[in-house]
Amino acid sequence: MTAFVELAEQIGNATAVEIMGAGTQRGIGGAVDASKPIVEVRAPTGIVSLDPADMTVRVLAGTPVGVLSAALAEVGQECPLDPEDSAATVGGVLACGCSGIRRIRYGPIRDRVLEVRFITGQGRLVRGGGPTVKNVSGYDFPRLMVGSHGTLGMLVEVVLKTQPLANKSSWYTSELSPALLRTSIYRPACIAWNGKMTYVLLEGHEIDVLSQASELSLEPAQSPPHPIGKHRGRISIDPARIGSLAKRLEDIEVRWLAEIGVGTVHVATNKDAGLHDARLAAHGEGGWLLREAGAPLLDPFGVVPSNREVMGRIRDAFDPSGKLNPGRLPFARFTP
Amino acid sequence: MGRVRVRAEPLELILYQSDAGTARGQASVVCFPESIDDLSFAIRAANRHRVSFVARGSGTGLAGGATPVANSLVIVMTRMNRILEVDPVGRVAWVEPGVLNLDLTRSVRHLGLHYAPDPSSQQACTIGGNVGTNAGGPHCLSAGVTSTHVLAADVVLGNGEIVRLGGLEPDAVGYDLRGCFVGSEGTMGIAASIAVRLTPDPPETRTLLADFTSVDAAAETVSGIIAEGIVPAALEMMDAPITRLVEEFVGAGYPLDAEAVLLIEVTGLIGGVDAEVDAIRRVALEHGARQVKVAITEQDRMLLWKGRKSAFGAIAKVAPDYYLHDIVVPRTRLVEVLKRVYEIAAEQDLLVMNVFHAGDGNLHPLFVFDGSEPGIWERVYAAGDGIVQACLDAGGVLSGEHGIGLEKRDYMSLAYSADDLDAQARLRDAFDPDGFANPEKILPAGSRCGEMKRAPEGTWI
Ligand SMILES: Cc1cc2nc3c(=O)[nH]c(=O)nc-3n(C[C@H](O)[C@H](O)[C@H](O)COP(=O)(O)OP(=O)(O)OC[C@H]3O[C@@H](n4cnc5c(N)ncnc54)[C@H](O)[C@@H]3O)c2cc1C
Chain A
1 MTAFVELAEQ
11 IGNATAVEIM
21 GAGTQRGIGG
31 AVDASKPIVE
41 VRAPTGIVSL
51 DPADMTVRVL
61 AGTPVGVLSA
71 ALAEVGQECP
81 LDPEDSAATV
91 GGVLACGCSG
101 IRRIRYGPIR
111 DRVLEVRFIT
121 GQGRLVRGGG
131 PTVKNVSGYD
141 FPRLMVGSHG
151 TLGMLVEVVL
161 KTQPLANKSS
171 WYTSELSPAL
181 LRTSIYRPAC
191 IAWNGKMTYV
201 LLEGHEIDVL
211 SQASELSLEP
221 AQSPPHPIGK
231 HRGRISIDPA
241 RIGSLAKRLE
251 DIEVRWLAEI
261 GVGTVHVATN
271 KDAGLHDARL
281 AAHGEGGWLL
291 REAGAPLLDP
301 FGVVPSNREV
311 MGRIRDAFDP
321 SGKLNPGRLP
331 FARFTP
Chain B
337 MGRVRVRAEP
347 LELILYQSDA
357 GTARGQASVV
367 CFPESIDDLS
377 FAIRAANRHR
387 VSFVARGSGT
397 GLAGGATPVA
407 NSLVIVMTRM
417 NRILEVDPVG
427 RVAWVEPGVL
437 NLDLTRSVRH
447 LGLHYAPDPS
457 SQQACTIGGN
467 VGTNAGGPHC
477 LSAGVTSTHV
487 LAADVVLGNG
497 EIVRLGGLEP
507 DAVGYDLRGC
517 FVGSEGTMGI
527 AASIAVRLTP
537 DPPETRTLLA
547 DFTSVDAAAE
557 TVSGIIAEGI
567 VPAALEMMDA
577 PITRLVEEFV
587 GAGYPLDAEA
597 VLLIEVTGLI
607 GGVDAEVDAI
617 RRVALEHGAR
627 QVKVAITEQD
637 RMLLWKGRKS
647 AFGAIAKVAP
657 DYYLHDIVVP
667 RTRLVEVLKR
677 VYEIAAEQDL
687 LVMNVFHAGD
697 GNLHPLFVFD
707 GSEPGIWERV
717 YAAGDGIVQA
727 CLDAGGVLSG
737 EHGIGLEKRD
747 YMSLAYSADD
757 LDAQARLRDA
767 FDPDGFANPE
777 KILPAGSRCG
787 EMKRAPEGTW
797 I
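Line by line, the protein sequences give chains A and B. Mapping of the first sequence onto my numbering: position 280 corresponds to residue 280, and the numbering continues sequentially without gaps. Positions in the second sequence are counted from 1; adding 336 to them yields my numbering.
Any given hint could turn out to be false.
[What the hints assert, rightly or not] Label pairs and their computed distance ranges (CB to CB):
1) Q163/A with C785/B: 11 to 21 Å
2) D685/B with E206/A: 48 to 58 Å
3) L210/A with T541/B: 13 to 23 Å
4) S306/A with E679/B: 30 to 40 Å
5) D746/B with I228/A: 41 to 51 Å
6) G731/B with A3/A: 20 to 30 Å
7) D537/B with A221/A: 25 to 35 Å
8) D746/B with P37/A: 36 to 46 Å
9) D299/A with K675/B: 56 to 66 Å
10) D746/B with Q163/A: 48 to 58 Å
11) G711/B with Q10/A: 50 to 60 Å
12) L210/A with D746/B: 49 to 59 Å
13) S223/A with T541/B: 29 to 39 Å
Since the hints were made in silico from the structure, they are not lab data. Backbone N, C-alpha and C define an ideal beta-carbon position, used for all residues, glycine too.
Go ahead and model the full structure; you've got the sequences and the hints to work with.
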């Protein structure tokens with residue numbers, strides 16, 4: 001608690017603050033505006049309480065996901081935040097709002113957060129949600145904070161819902177079409193497609209995993225290679241339109257991997273205009289592209305949401321002087 | 337436009353003065369929009385007269401969310417009840433808010449799909465109301481409550497403006513306004529169409545009935561199952577008074593001499609289902625279950641569920657009045673809190689029945705009484721205060737699914753600090769700066785820093 005109070009004072013007194021995680025996704029959501037003197041702040045680290053019998057864990061936001069996962073694994077549990085780099089902090093992953101590859105089964109990360117404590121731009125420590133697995137008392141701050149890119153407050157502590165580790169978890173490949181696999185498999189943990197090959201992750205009881213794999217003649221495999229390149233982004237699109245997006249991406253020099261049934265498409269390229277072209281393809285299918293790394297000249301979001309006025313008012317309400325991660329989420333600023 | 341059906345006859349207004357909870361308010365005018373344009377028109381008209389408004393679905397809410405205060409215009413959403421679009425491949429349906437929860441599931445059943453949140457009131461309540469309260473149900477234990485299943489909504493804000501929140505793409509640009517809206521009890525605007533996720537029916541389902549000679553043993557079994565690493569599809573508990581009542585009412589095959597029964601459902605693929613059934617049976621027997629019955633056929637399973645789902649109907653038959661509470665505690669504290677609930681009932685000399693979502697720690701103590709008895713309401717309210725305190729003492733929260741509305745508004749400051757409540761007020765005001773949308777709900781007077789405390793006009797609880 002004293003750590004929170006000190007942080008709150010520091011943030012309250014600062015004119016501009018950059019909230020730091022492990023720096024694995026630092027450019028995401030826009031570069032922080034360096035025109036003002038910036039104070040870098042980091043959330044405290046550690047697991048406050050792990051309650052396996054309740055399947056919840058209270059963790060400080062600066063804790064690396066890898067550390068949390070190791071502690072949970074000791075009691076046979078996990079929390080599927082699944083960042084690509086396990087050095088990423090819990091708070092950082094939540095603030096970016098980037099869900100993991102097993103979303104089709106375990107849901108977006110916003111559904112994992114039961115309670116949040118955060119420090120607003122005015123240096124107030126606020127708690128929202130609650131520690132129980134079910135709760136409708138007051139407004140849903142946990143969901144508001146996920147994906148807010150540190151523009152509404154600094155997450156300092158969260159309570160997450162955990163789940164038992166699956167008895168078996170195996171990757172496969174298949175020649176079958178992703179659409180057919182999606183309808184044939186009951187609750188897959190992931191179906192990923194790169195235009196040539198479909199990858200399937202099955203999790204559950206060993207008997208079920210093996211029998212589904214043999215029924216569909218799936219081939220055991222490694223997990224799909226994540227697209228690599230200097231410039232990286234993630235497309236968010238109605239999953240029904242992944243097929244037509246793929247056609248558009250064919251003509252562009254990008255590597256991609258689509259999460260079937262979810263609508264997240266990871267793209268990477270070494271070509272300077274590649275990410276921009278991929279973004280246009282996404283827009284053509286009603287989606288959008290979040291720049292994750294590289295492409296410094298590209299706007300981080302590339303779209304202005306139609307409800308930006310509401311977002312601007314929310315940001316003003318929690319950070320009236322605009323000191324938290326200034327420059328991120330550029331559209332969410334209210335100009336009356 | 338301008339042809340929105342409006343009623344203002346005093347007798348009819350009485351129908352809209354409250355929801356299914358105990359708070360009464362007063363409606364000035366009632367209207368029935370049939371389209372999003374009607375809805376926006378009605379809200380703008382109310383704005384012009386500086387009248388606030390409140391959305392109403394079926395009015396089955398229990399926290400007073402749809403109860404009009406401050407002479408609000410009541411906007412009844414039940415005429416907007418079309419299922420607009422069903423995509424069986426993408427497993428998404430667009431619906432108008434007046435669609436009844438069970439009607440949605442019925443309409444997609446032939447596709448092997450269902451809408452997962454299944455409140456006990458599902459025959460009567462609307463999807464819009466479910467979004468308003470972030471409704472839960474027995475099967476939300478593993479499937480998640482309403483918010484997990486709502487992808488997008490077209491919403492009319494307090495100033496009549498139409499905005500889309502969320503979308504069919506996995507992540508919307510910017511803040512999760514959809515997430516904020518679900519569970520906001522109509523205080524952030526009114527949903528005019530809603531995109532929900534549809535869930536494939538599980539290949540295998542088993543329904544188990546375990547009976548116990550003590551409530552503690554049943555509650556310990558619940559914690560034991562979760563501690564074993566099993567999250568069943570549903571895990572419901574019923575104590576002796578309600579079990580007997582229900583059994584007399586529907587004959588579901590519940591044991592009449594049990595002190596408590598657990599109704600447990602396991603779904604999925606056969607390997608996992610068999611393993612979980614075995615483990616659950618073992619845990620239950622270790623904790624002293626007399627018997628664990630496993631129903632496999634649809635018919636046997638439905639009979640077991642019929643008992644659970646008839647609980648409130650059965651109560652309505654025997655008791656002139658009831659008061660249904662809704663609190664959530666960490667699952668590891670279930671035994672002690674339940675014990676405290678019985679003590680509180682005894683202290684106030686009230687009959688309490690418990691039928692609830694035990695798997696997620698969501699208790700529903702239900703007081704059954706005759707409201708005409710002098711002094712009875714004071715005792716019922718005193719018991720309610722006691723239950724809320726016991727819940728908070730155990731690290732619990734004020735509501736799991738009914739919401740705060742008017743009923744629990746003044747408890748909010750027991751659960752949250754002044755800064756927490758100020759933050760909630762700021763979020764609400766960002767959606768509805770003029771404060772026209774369902775005023776005086778959720779947040780107690782004085783939540784905004786520097787605001788005067790006052791009682792809502794025209795209400796009595
Ligand atoms: C016997 C019984 C059993 C119940 N069991 C359960 C249960 O198992 N689980 C559970 O969660 N609840 C349960 N409830 C409570 C109730 O059924 C739910 O809260 C339900 O979601 C309310 O739906 P409704 O259509 O009746 O909404 P209403 O009561 O009319 O409204 C509920 C709230 O939603 C708002 N609202 C309504 N429509 C809209 C809209 N279109 N846009 C925005 N806001 C809107 C209203 O303003 C109000 O605040 C039960 C109630 C009863 C009487």
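Outcome of the hint check:
no., hint, result
1, Q163/A with C785/B: 11 to 21 Å, "39 Å, violated"
2, D685/B with E206/A: 48 to 58 Å, "55 Å, holds"
3, L210/A with T541/B: 13 to 23 Å, "22 Å, holds"
4, S306/A with E679/B: 30 to 40 Å, "54 Å, violated"
5, D746/B with I228/A: 41 to 51 Å, "56 Å, violated"
6, G731/B with A3/A: 20 to 30 Å, "22 Å, holds"
7, D537/B with A221/A: 25 to 35 Å, "29 Å, holds"
8, D746/B with P37/A: 36 to 46 Å, "45 Å, holds"
9, D299/A with K675/B: 56 to 66 Å, "58 Å, holds"
10, D746/B with Q163/A: 48 to 58 Å, "36 Å, violated"
11, G711/B with Q10/A: 50 to 60 Å, "55 Å, holds"
12, L210/A with D746/B: 49 to 59 Å, "56 Å, holds"
13, S223/A with T541/B: 29 to 39 Å, "32 Å, holds"
The structure fails hints 1, 4, 5 and 10 (numbered hints given earlier, in ascending order).
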